[in-house]
Every structure is written in C-alpha cells, then in structure tokens.
Amino acid sequence: MDPVRTALGAAAVTFVIGSLVGTPFAPLAKEPPGVQGISPEKVADYVYAILQADRTIYTTQVVMRMQEKGIVKASEHWEQDNALPLPAQFLQHSGRLVAESGRGIRYRLIGRSPIYQRNAPATDFERNALDALTRQPDQPVRGLVTSGKKQFFQAIYADRAVSPTCLTCHNSHPLSPKRDFKLNDVMGAIAITIPLE
Amino acid sequence: MITPQPAQPPLVQQGTRWGLKTKLILSMLFVGVVPLVVGLGMAFWQGSQEIRDVNGESFKALATEAARNLDLLVADEVARTAHIANDPLVIRELERRRDAHPTHPANGPLPIDTDTEARWVARDPGIVTQINGSPLASLLQEYYTGTRNTSDQLLPQVVRSATKMLFLTDIHGTLVASMTTKPGYRHSQTPWWQGAYNKGVGKLYIEDVHFNTQTDAYVFTISMPVMDNLRYEVVGVLHRVIDAKEFFAPSTHVIRFGKTGHVMLIDNRGIVISCPILPTGIALSDKRLAPLITPLQPGWVEASSDGHGGQTESIIGFAPLPETSRATNGWLGGGSWHSFVWQSSDELFAPIQHLFIWMIVFGSVAIALLVVLGYVAASRIVRPVRTLQLAAQAIGRGELRTTIDIRTGDELQDLADEFNRMNTQLEAAFAGLTDQVTLKTQEVTYLQRSTDQILDAVPTPIILLNTLDSVQYMNHAARAAFHLAPETALPFSLATLRPLSAIVQTHVQQNLSEKGSGPPAPLPQNQGTEPRDPLAPASGREPAQANSRSELQIGPRTYHYQWFRLPSRPGVDPRIGLVLRDTTDESRMQDQLIQAEKSGSLGVLTAGIGHELNNPLFGIVGLGEAILDETDLSRAQAHARDIVAQGQRMAAIIRDFTGIATRERTNQRIPVCLEETIDLALAAMHTAADMRQITIEKLFTGNTMVLAHPDQLRQAVMNLFMNAVQAMKGSGTLRVSTTVTDQLATTEISDTGPGIAPQHLAKIFDPFFTTKEQGEGSGLGLTVARRIIRTFGGDLRIDSREGQGTTCLMTLPAILPAPPKEDLWTPSAPRSEPQPSRS
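Chains as they are written, first to last, in this note's numbering: chain A, 1 to 197; chain B, 1 to 839.
Same shape as in the complex, but just chain B (with noise of 0.2 Å):
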C-alpha cells in the first residue's frame, strides 16, 4: 500500500457523473435483471398456455366420461322403461284394449270415452278405482316397487323417489293404467304420446327438461311404446316422469373438483339439466355460449365467460350423451344433451399465479442478492483501482515514495507492478536528467557569454530587437556609436535612442512594420556603385532605388544597414537583429572612383567615336582620290554614290550616338524582312571587316516579318555581328538562325570566340564598357544595339561561358504569321543552305 499522502480532493465531479463501482453494481443488475423478467413472463406465459391446454384435455375427458355415465343412466332407466313395456300382460291387455274397437282409427279419442275423463277429472272414485286399481296399475306398482323385477333389474331408490308419475295409455292416448292420479286422462296430441306412437311404428321419446304442474317440478319424460306380441305395431305408450335435478344430482353432483369444478347436464338449447351451482330449468347466462359447446363431439373452449354469470375467460369441456341425444324429441336432430366441466377461471389460473407471485419475490430476493454481491464484488474490484489511481497521482507529483502493494492475483497486481516499475524507471530518469539540465545550463551560459565578448568583440554595431521596437540587446561597438553609456540596462525603447533623429526612427519603423508583416522581403542590396548610362534617359525605377539605400545618418557617419531575422523561440516574441556597417568612408572613395572612370569614359567615347567614323572617311578619301583620277563619268559616278553611301553611314552612326534616331523615327516602323536585314548586315560587315577566315552558317526559318526600322535594325544587327567578329579576332565560326515562336522572332547570333568572363558579363550592356584596346571598340556596340531593339518592342540577352564562345539572343515581336509554307522550323532541312562565305 501506498503511504497516505496528504492527497488532494478529488476533481470535482461535474453533473452526474457515475463512478466505477455504480457502473458495475448496475451492469451486474442489468444482466441478472432482464433475463430474469424475461425467463418470468416467458415462463409466466408458457405456464399459462399449458395449464390451459392440460385443463382443456382434463375438462373434456372429464366431460367424455361424465357423458358416459349420464348416458348410462338414461340408458338404464329406458332399459328398465322397456321391460315394463315389454310384459305380457301389458301386451295383452293393450292388444285387447285395441281389438275391442278395431274399427275405431287409432289414436283417436273413443266416444264413450269422453264421459269417462269428466269422472278421471273429478275424481269419481269409481274410475279412480278403475285405473289405479286395475291389474296393469298393481303391475306397474309392482315393477316401480321391485317385486317383479329380477335382482337386476331393482329399481335404484333415488330413480324411484325421482319417478313422480308412471302410466299407461292404450293405442288411442287414453289412460289405462297409473300409481297416482295425476296424469290428465288423454294423451293423444301430446308431443310426447305423438312422438312414441309414430304412426303406429313406435319410437323411444325423451322429453326435454320442463315445468310439469301436476308434480311441480322440472321434469324430463320418458314414453316407451308398447308394441303388441309380433312387435309389428304400437299398441299403446308407457309413459314416465322424472324429476331431472332428482335424478341426475346424484351422478353429477358428487363429480366436484376445486372449489368451483364440477360436472353440468344442459341440453342444445342451453337450459340445464342438472348442476350442483345453477338451479334446474334455467338457461346458461350467456347465451353465445350453447352453441360452442353443443357440438355432436366431445371438446373444449375458452370462452369468453362461463355461463354461471362470471364474465371472465373461462375453459370449459364438453361432450354429448350419444344415446340419449338419439332419443330426445324422438330424434338426434330434435335436440341432444351435454355434460358440460367447468372451474372458475379465477381457481384454475390460481396455481400459475400463486406461481407468478412466488415467482417475483425469488425475482425481488435474487434482484436484492444481486444488488448485495454487486455491491461488494464492485467494491473488491474498485478498491485496488482507486490504489492506483492514488498511485498514478502521487507518481504525478513525483510524490510516490513506496511500492503500491495489491495482491488481487489478476491483472490489477500486474498492473501495479507495472506502476512499481515505472515509478522506479521514473525516479533513475530524473535524477539523470537533474544532472544533465545543470550540465546544459552551465553551457548555455558559457556560450551566452562567450557569444556576448564575440559580439562586443566585432566593430560592426550590432542590434537586436522584438517587433514591440524595444531594444533586446547591442553590442559594444553599438553602444559607442549611439554614444550609450555601457550600463544601460536592456531593455529599451529604440526611440530613446537618442542620436537617431526623428526621420530614421519612422524609417526604421516603417521598415519594422513591413517586415513583421509580410514575409521577409529581400534585403536591400547596395546599388549605389552600378554604372549608368549617362545618355540613356532615367527609367522610373531608378529614382525609388535610390531613396531605397539602406543609409543611416547618425551624426556625420552613414552607416549602410542590414536585417536579420532570429528564429524564434516557442514562447518568445519573434526577435529581428540590425547590423549597422560604417560606410562613410567606403561611399567617399566610391564617388572619387566614379568620377575617375567618368573621365576614362570620355576618352573611350572620343577614340570609339573616332574608329567609328574613321573608317568611312577613309573610304570617303579614297573614292574622292579616285573620283580625283577618274575619267570615265560612269565610274566617278558609282565612286561618288559610294561617297554618299559612306556619308549616310556616318551619319547615322552619329545620329545613334545622340539618339536623334529614336527621338525622330519612333513612329516610322514599317515591316521588314529579318533574314533579308541580317543578310544586308552581314554584306555590310564585308566591307568593315575582315572576314576571310571567318565561316559563316546561316539557318533561316524563313520571310519573319517584324516591325521596325531596317536601317536601326540593320545596325542593331551589325554591332552583334562586329562584336563577334572581333571576338573571334578573324578566324572562327558565326552561326545565325533565326526561329519563330509564339510570335516572337528570336535571332541567334553564336560565335566561337573566347567568351566573356563571368565579373563582367553583368556589364557588357554599360556603356563604354569593353574589352577592347583603346580605339578598337567604344564599348556603345551592344549598348546601341540593345536600345534599338527595345525601342522595337524587343530584347536582347548575351549567353556566353568562357572558353565557349558567345551567343546573342535578340527577340522581336512577329508582326505576320506568315502562313507555313513548310515546317517552321526543320534542322534537318533548313531552308537556306549554311553557306560558308569567305571574304
């Protein structure tokens, strides 16, 4: 275990938030609840199901067997009816009874018998005596009582205290013979007597259950035919009544089950018969129900109530007595009877819900267990995890002293261990890296100090500051320019610094802002030592150069400046540093040095302006010698076209000089053939040059039309070639071709001469300078040529590497796209033979 620390509250716990232990106290409820719920309704569910379809199948064998035993016993009192209607005696006497008036239609009524039944209605004791006494009376009274009945055939005492009425009519309905006098005296158009007579043939009757007045009570009969001794026709009907509820409750009765089971008689129409609950007589309460358990064959339902007046779903089994339904109203189709089983819903789904309650306290004890053992598993499982978090803590604050002790044999203990471990590792890494960081200090502020007597060491003035224009540090020599005293402490403002007026701390400001806005812009260069060309006129650009001159005034120095950007350190404003040069010295040599090559200048323009115009005047004197000594007109007068020819040279060549061509003939460009100025070019340059050694290759892409003047261009032309001819000093290989490309006609102009140096490639198009001996070139060929060409809208660049020969590009703008005629441009197939000249 970890030692107490004096630890820290925990965080403050924001919201709800659930800690670990209330998280797996309620996963573990989670898991044992729903499954629980859900195997209880399913079992719940499917417990309910099979106590309905086991009660179903109980109810209608209960309801088969009952219907069995009732039909037995109907069966048994129709067996006992039959004996009685089967005795001789009876037999006889009825057969005597109809023979007496064999004339008379059976079942109808006897005339003389109508005075008879007046007498049978009053009582008269004398036909009471007649009937009651008769000897078919004393039979009947013996069969009822048992004395003429076989041991078997006894009647039971409950069938002969339910007999309320037994009795005997011959074939006309007439009473013949009865125990009682209750019976009415004719019978004839009952239903029932109907029903058995048939028509002479005799059929077993049973009465449906109903009111009789003379017994007062509900009653079912039972009317035998008595057939005579041949069994061919009815000669009379014995006829029983029997109380229904008398004689069934002791079979249905005692068939109880439960509290509220039990076994019903009903017929067809609903009315019972018999039932240990509901009266005799009356119909079922629900009157849907007698057709859904009045089928032929035994079954059972749920039905929706249960005939006893509950409206609740009820199961309910049922089935017909066979024999008995044959019978009853003379005919199955007449009605038939049915046991009917039932038990209260309430009763029979009793045990699946005593189940259910049970059910859910093992559910609520199991859910309290869970909760229990959730609650202390949680708790082992949590406890060694705050340990760590404790641990985790203090090893946070570098506080962790011991080794966390947890001894839970899983991966908590592998965890902790862990934890051991790299609390160990932990503390060996730091106290290596205690050392190093007091190693590395002492060598940062050995380089610091060493960086700061190397900076207070070096002359140049030396600045650094933040883009908040505060002054970070200067070294020494900074310090003795803007006069500081050494113990300025930094730092400061750089408007305190106060030998900088006013105009260079905006300048410098305004730099600043430029600089910490936009990316670092290139530092300005010194250009105040390029050459210029005192005839060109001063492009724009110049001007803003000039102003542009990194110069600091500081007293009477000029200091040239120059930024440096610092990279930054994460978390410090970005520093930028200013190194001042003392050039106050260096820009006064400059301009001595610039008025030396000034007048160096002069003399070089004087002698190229000579070698230019000497040459035609030479030419000049000779033809005027020759004009002098000529005596053919003809010839003088070729000689004096040369003069001219030769004058309007050297006018022209002065006219280059001052310019007046630009000034005059800017808008005076007409189109011109290139390949036809450089051929004029290089026939000119015959004469000015010697070029016998010279190989000329020409490669023409065809008539490139450009706009300009021919003349300008021919000299333009004429310098590039000059200038190659005296590089190549009279022996070598000038290449011309000439390519159009995107409307741009570009010349080249290649020689094999040495080629210019790299330091003064950046000057060749200064005027005045050269290469040349003094007289042989005015350093103005490529400067002219140059001019020209732009004034025509163009450019000229010189490619050269020394040792390698030079090559001119001049570029002029195509005025025509001159329809190809062939390729432009085929380096196999040049249009114009390379025709190596010599002259």
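Next comes chain A alone, as it looks inside the complex (with noise of 0.2 Å):
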C-alpha cells in the first residue's frame, strides 16, 4: 500500500503547494466546489414543485373562480368555445411550450386510462412507476432510461384528483376508460424527463 500513501501524500503535497500558490491567482481559478451540478433528482423534484403550484394556483384561482363567478368555464374545446383551458390542459401545453423551446426538460401526463391513447405510458417504465404509485402514491418512482443510444433521467410523480373539474371531466368524457375517479385519487402522474449528456 506504500505506493498508494506515497500517492496519497505528493497529492497532499501538490494540493498544499498549489493552494499556496494558487493564492495570488484565485479569482482566475474561482469554480465552485460542487461544479458536477445538481443531481437529476432534484431537478426533478423542483420541477414537479413549480409545476404543482401553477397548477393549483391556475385551478382554484383563476378556473375555479371564474366558473363560480359566471365569468367564463373551462372547457376541452376551449378554443372553439371561447373558454379557459382544463387544468390539465394547461399542464399539458405548457409541456410542450417548454419542450419547443429547446432546453431538453419534458414533462407530460400519462395515466393507466386516458382519455387520449396518446398519453397512455410509453414504456414499460412508466408503466410500472404507474402501479407503484397507485400502491406508494408518495414514492415518486426514479429512473434512468435509453432511446437507443441516448440515455434520460425519468422521474414519475402521482398526480391526484385535486379539483372537481378533474373528476367532472374524467368521469363524463365519452372517451374516458374510468368514470369512477373520486376526490384525491391518483388519477395518473406526471412524467419529467431530463436527457443525460
């Protein structure tokens, strides 16, 4: 093992040297010491809090007032009714806003009975994350993936029934598999994935 303490030590010893002198150059050598970054579950993790608080900011404070207010209704068909986007909707087009422009982070919807065949889940993945967080709805489910050679860093979080409008809609849609969805049930989850250069 001496070579290795001999390693040990001229690297403690070149540390300490160039720390002494690095001294007089340090704003030219000024990294950060964490400079591999954040990990991917925290960006998840942030990600999935900004995307709950808009979401639920947009569902009580402005869909849920309007309706109550008379002012305007959510609808599917928002563009052709004049109305305001469902929540999901709203979640789902922001995604793919953040997807067009460019910066590799996507997030979608995905659920065990869409309404849409579209955002059922893709992969075997997702597909299991899916029945883990309808048993664990708490446990996100994380996870590395590949499109052949690319890798991405998948992070699945529960998406509950959080608003009566979830449950109107789900429940009534004429292309909707589930019409018994109740209150804080987990409905599906949102799928984040960021790629990994």
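In short, the hints are calculated from the structure, not lab data. A couple of the hints might just be wrong.
[Claimed, not checked] When the alpha-carbon atoms are kept at most 25 Å apart in a straight line, the in silico BS3-like pairs for lysine-lysine are as follows:
| id | chain 1 | residue 1 | chain 2 | residue 2 |
| --- | --- | --- | --- | --- |
| 1 | A | Lys150 | A | Lys42 |
| 2 | B | Lys199 | A | Lys149 |
| 3 | A | Lys149 | B | Lys729 |
| 4 | A | Lys150 | B | Lys199 |
| 5 | B | Lys763 | B | Lys729 |
| 6 | B | Lys287 | B | Lys60 |
| 7 | B | Lys763 | A | Lys150 |
From the two separate chains plus the hints, produce the assembled complex.
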C-alpha cells in the first residue's frame, strides 16, 4: 500500500503547494466546489414543485373562481368555445411550450386510463411506475431510461384528483375508459424526463 | 203578390247609379276578399318565416352531424396513421438512424445523402430497392394492405384507394421508406415536415387541400411524428397523402335530400374539399360567403348567394370539424374545416310557393263562389224589396187593389204587412175625404153665394181689385155707381170704367202702386171737419192733408173711398178692396155746420174780448173815481200808477188777440226765472179771481231759467191758472211744481176740478172752444197759452180724467243748467214749502 500512501502524500503535498502558489491567482481559478451540478433527482423535484404550484394556482384561483362567478368556464374545446383550458390541458400545453423551447427537459401527464391514447404510458418503466404509484402515491419513481443510445433520467410523480373539475371531466368524457374517480384518487402521473448527456 | 200594373218605366238612372243588388254583391265580395287576401298574405309570410327557421335549424343540425362524422373519419385515419407511427420496429429503426449521426443536428441534410438523393431522383434501381424494399417499406405495405392490422384496424377499401402516398422520413427529413417511388427524397423544408417535427416535440399536422403534382390530384396530407420509445422526441415523420375527393366522397356524397340538398366540406379559405356538385379544390363562387359560414361554432345563415354560382337568397347550415380543425396546418388558428349544408332556394321554398299557388287557386274559387252565392243572396234580398217598391208606386197612384204577398218571414214581411195596413187605411181615409170635399164644396158655394147677396144688398159700392188693376168683383151698388151693365163679365181692367176720369185713374193707380210696394199705410182719415184756428197762420202740413183727402168725384156725386186689404190666398195675387161712400150730402151738411159754428164763434169772441177787457176797465173806472175824490197827491199818484198798469194789461190782452206781440218781439226773449214768473202770475191771480177758497201748493225745484218774454210767459201761465181756478169754481187745491230734466223745464199745474170729458179733450186747444157759460170764457186761453209756449220752443199738454181734475204740463227748454246747490228734485224736502194762501 506504499505506492498508495506515496501517491496520497504526493497529492496532499501538491494540493498544499498548489494552494499556496495559486492563492495570488485565486480569482482566475474560482470554480465552485460543487461544479459537477445538481443531481437530476433534485432538478425533477424542483420542476415538479413548480408544476404543482402553477397548476394549483391556475385551478383554484383562475378556473374555479371564474366558473363560480359565471364569467367563463373551462372546457376541453376551449379554443372553439372561447373557454379556459382545463387544468390538465394547462399542464400539457405548458409542457409542449417547454419542450418546444429546446432546453431538453420535458414533462407530460400519463395515466393508466387516459381519455386519449397518446397519454398512455409509452414504456414498461412508465407502466411499472404507475403501478407503483397506485400503491405508494407519495413515493415518486425515479430511474434511468434509454432511447437507442440516448440516456434519460425520468422521475414519475403521482397525480391526484385535486379538484372537482378533474373528476367531472374524467368521469363524464365519452372517451374516458374509467368513470369512477373520486377526489384525491391517483388519476395518473406527471412524468419528468431530463436528458443525460 | 200585387197585380201586374201597367207599370211606368222605372226612373231613368242617372250616371252610374248602382243598384241595391250590385251593392250587396260588392259588399259581400269586399267582406270576403279582404280577409281572404290579408289571411293569404299573412299565411304566406308566416309560412316563409317558419320554413326558413325550420330549414335553418335542420341544416344546422345536419351540418353538425355531418361534421361529426367527417371529424371521426379523419380521426380514424389519424389513429391508423398513429398506429403505424407507434410501431416499435419503426421507432427502433428511426432511433438507430438518429443515433448513427449523433453529432449532426437534427433535420439538417446529411452530406452523404446528396449522392443518394440524385440516385433516387434518377430512379436508380439500387436505391429504389433500398427504400421501397426495406423492412420498413414492407411494414408500411403490410399496414396498407391490412395484413399487419388487427381486425378492427383494417384500412377500408375506400381509404386504401384514396391513400396516394405513404412514406417515412427520418429525423433529418430524408426519405426512409415508401411504398412507391413517387415521393421526393428530402422533405425537411416542407411545411408539413416542419409542422410535424415541431422542434423535435412532434405534432399532428393535417395539410389543407392542394394540388399534388406527383399524384395528379387534389389531396390533403396527414403527417404523424414518430416519437422515440420514451415519447421524448421526434425521430421521424410518417406522411400520408390522401386524395380528398376520393376520401370524403363516400361520406359527403351520400347525404342528399331533395334534388339539390347536399352536404359539402370546405376549409376556412372557402376552398371546396368535397362536394357532390362542385369539383374539389376550387373556391366558392362568392368570396363573401366564406367568413359567414366558417365560425368555430355550428349555425345557419340566410346568405345572399349559395356559393354554387346562384345569386338567390340561400339558407346555409354549417359546423366546424373540431378535432380535425385543431390539427389543420398544425394548430386551430392555422385553418379549420367546416361542413356546409345547402339546398337550392327554389327547391327550399317550393312548398310554400306551391302552397301559395294553391291558396290563390282556392282563393279564386272562393271568390267565384262568393260572387255566385252573393248574386243568389242579393237576388233573394232584392226581389221582395222590388215588390215593395212597385207596391209603393201603386199606392202612390192609388192603384193598389190587391194585398202585397211577401213570405220571407223577416222584417221585409213585416214591412209588407205594414204596407197592406197602410193601404187599407189610406183607402178608407180617401173615401171619407171625398165625401168631405163634396160637403165643403157645397158649403163654399153657399157661402160665396150668400156673400154675394149680402154685398149686393149693401148700398155702398164695393170693388175688389188685384194689384194688376183689374177689377175682380163689383157689387150691385158699384155697378150702379159706375153705370155698368149688370151682365158685364168680370174681371176687366180698371181703366175701362168709363165714369172714372183720367185724373182719378192716375190717383187710384198711384195709391195702388204705393200700397203694392210698401207696408199698408194708415188709411186716410176724414179730416175735412176739423175746426181750425182762423187767426193762426196756416201750418205747412195742412195743405197736404187737404190734398190727400180720399174723395172721388164721379159725375155729380162725391165719394169718400177707403182701401182695405184682403188676406191673400196661396198661389193667387193679393187683392185689395175699395169701399166707396157717397159723401155728397154729408159734405154739403158739414159746410153748413162750419158756417154756423163760425157765426157762433164771433159771438163768443166778442163776449170773450168783453170779459177780458171788462175787468181792468172796471178797475180803471174805479181808480179814476177814487182819484177824483182823492186829495192826497201821493195816493192819487198810486191810483194813477194802478190805472196805467191796468191799461197796460188791457193793451197786452189786445196784443195777444191780434198776435202783434208775437210779430213784434220774437227776437227780444231774455232769460226769465220760471218760478218768479209763476209767483207773479199767482199774485196777479189774486186780483183777478176769487181765490179765497183755493189752497195753493207750490213745489219748486229752484231758479229755473228759460228764454222767454216775461209778460207773455206770465200771460200763458196766468191763462193756465185761470182755467184751473175757473174749473174748480172757487174752491179746491191748486198744485204747482217745476222740475228740470235733460235741460227741459217742466211746469205742472194740477187742479181738483171736474176734469174734461174725453170728447172735449181733443178740442180744448181749438180757438173759441169752451165749456164755460157765455161771457165766462173766450175759448182763447189755452189756444193763446199754447201758441206763446210754442213760440218759446216749448209745448203744452193737458191730461185730464173726468171727475179727477186736470193737469197742465208746460215744457220749456232750460237755458242755464243751474249749478245744483242741492238735489234738484227732492220730493220730501221741497225748496219752498207749499204755502197755502188764501185771498
């Protein structure tokens, strides 16, 4: 183990000397200690928190208030009906905008019983995650997934029926395969995908 | 029914007089047609509105339904395309191609592909085999033919034939696999590829209808992004080119209603996608129509054109395809597709037009019926009226012999009954009238005869004339007076009466013309016997009165004539009557009477003068004797002054008689106080008459000034007093009062004597007329008094009633309206107390 010790010692000496020599040039070499970045788990948590907050504000402070006051309703065909987008659509459209911005991070809503098939889970990972979240809604599922040679970090958070608007739509939509949702049920999940370069 | 009389032709109707029947028919027509026309018009209008609304709503519903079907049709195709795009083989191959050039930017052309593209364009068999024969191409073929699909995802035959191209590009827009060689090789710059790639996020992109040169058809395309297995990013694009007409025709062309009603599909630019009439790819004929019918909500409009080349007003239903519109050109704002339901207006409104035509036909029939029924009804109503009219004419001529027989059971029958009753009563009344007329005629004849006999028996000639001066009647006496033969026929002209001289004719004609033109003048009175004052100058009126004496001289005889009017009969000229009275003997007798009266008057005058002059003469003689015996000079002088006064009085009396005073002193009038004059006269009365038993009451209004000669005025007043005193025969009450009203001084002298008989009242101002004994009065007192007062511009009037005394009213113009010191006339407080005086 000597060479190891030697090496460690050399490294320590080099570090000390380097520190001493480098002190006058400190401003030129000012790199923060955590330069490796934030872990994707934390990024996903942050994004999830923001998404949740934004959608909650939209749901409670915009949609519900407007509907209660009879000013404007939220409707699936909001463009034709001059209405507000549904909270789920709000999240999906904002996700599209984020994706179209080209930053790399993407998120979407997925569910076991979606109204539109395009929102069904795309991979086994997502399917398993939904199953897991049904059992343990508070435990988000995280993991690495690949597309060809590309690697991505994916975090999947349970999405609950937070407002009556969600229930009304999913329980009455003609294309909805499941119509017995109750408030606070896990209706699906928010899948956040972050590319790993 | 009445017997047919030889009826007079009905009165010729003037102008366009409409009969009762015409009026009745017109009334019925009017009553029937106006509501009919109004009702038809309102029904047509309301019907049009209803048809428009109902059709509009139906068209809207149909358009909505068609839009839903078409939307589902497109959605199905999208789903099938997505199914291919989700195939793991496709994803894996495209991921592999993506990862083959990891550093190359996506959707950029690969340098090595330039060569390949040239070979593809040149249809190099190697590259064609590589693309058309690749596993992916086989996969597409399998999906296309349906061998790879589950039973519910089989491509219908229509869709299969409509799909003109189906190919796959990779992330760089390069052709990867295709069923045919038609597609181009590089697509990264096409709108559909950019839209579907959508910055790597991927999005369904349905392209609007356009002409595709490779397939030589109007097509629309569905571009479906192929996502990687994580659905993270686009790895390629699946593109389908579909012939629009072939694809939609089975859905749109089958919906037909009527001859022209159909459903079509257009986009928001107004380009036809599918229509049974218009070819695909052309725009609607009316550009203004597109904005009207492409809102994002279903509806219907009433447009001014139909979009198919027609310019008539059209009803168009429309509805958007919601899901398809969301993806056309990438997003909703990029364009939208709409269903369009239309039917030709001619056909649409044909039912109401048919209804209108039928209503006109029925209306015409109804009007014709109205005319016929109206004619019948009017005839039924008018016939009894005509009968009644003829009956009334017959009654008017008195020729109705039979009863009117009308059995209508209504008011007309009642009227006919009334006519019958009236006719019966009229006949009875006429029968009674005839008898009465006969009786009355006999009475009239009798009366006429008896009147003639009475008139003939009268000795006075009576002549009746009409205003045309023809003699209508003469009685026997008149014929005798005019020496007419009794058989002379009447009437004849008045001029033919020979005995009437020409002057008399003119006189009578003048009188006749006066009477004929003006109101009946008072008939001339016989004035020839009036006594006249021989001393008074003749007044201007008297000769005229003399001339107008109604006397006629016929031969030796004189007639006094008098006109009288006869009440005129209607339709006959008014007649006047002339009564002649033979006054030949009467005037002779009157002349003798006047002569006798004048002889008597001379005696009276003489006696009067004697009486007047005697009194002062006695005084003079007495006073003269007294002077003779008087030694006292002063007394003698006083007596002498009295003698002079008496002498002056006598002279005054003589002047009065002869009228000298009037002639001499007419211009020497001076203001005289009326009351003083009266007092002076009263004082003189005491010396002239016995006033002891006479009470004098004076009621004077004040200093009433009149313009007069004092002596004459006193003389006149004294004459009045003298008359009163003499009338009272020494005892009674003499009341004297003066009043001034309207500048007229009135003196009233009343006595309590016996009054004057009415027959004497008219003559009391005649000279020498007196009721006193011979020598007691001259009959000149009042005459003189009135002449004096008239000289001063006043007048004298005597009111008297037999047994109640006499009142003389003397009026004179007052000259100075005396300033009123007190009330002019206060009966309760007279200015001077009535002083009873005795003498």
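Against the 25 Å threshold, does the CA-CA distance of Lys150 (chain A) and Lys42 (chain A) hold or violate the hint? At roughly 21 Å apart (the allowed maximum being 25 Å), Lys42 (chain A) and Lys150 (chain A) satisfy the hint.
CA of Lys149 (chain A) to CA of Lys729 (chain B), is that 25 Å or under? Answer violated: Lys149 (chain A) to Lys729 (chain B) is near 184 Å, above 25 Å.
Mind checking the alpha carbons of Lys150 (chain A) and Lys199 (chain B) for me, to see if they're no more than 25 Å apart? holds, 18 Å
For the pair supplied as a hint, Lys763 (chain B) and Lys150 (chain A), is the alpha-carbon distance within the 25 Å limit? Not satisfied, since the Cα-Cα distance of roughly 173 Å exceeds 25 Å.
Under the criterion that the straight-line Cα-Cα distance not exceed 25 Å, is the pair Lys287 (chain B), Lys60 (chain B) satisfied? Holds - the C-alpha atoms of Lys60 (chain B) and Lys287 (chain B) are around 21 Å apart, at most 25 Å.
Is the Cα-Cα distance between Lys763 (chain B) and Lys729 (chain B) 25 Å or less? holds, 21 Å
Holds or violated: Lys199 (chain B) to Lys149 (chain A), with C-alpha atoms at most 25 Å apart: Measuring from Cα to Cα gives roughly 20 Å; hence the hint holds.
Checked against the numbered hints given earlier, the structure breaks hints 3 and 7 and satisfies all the rest.
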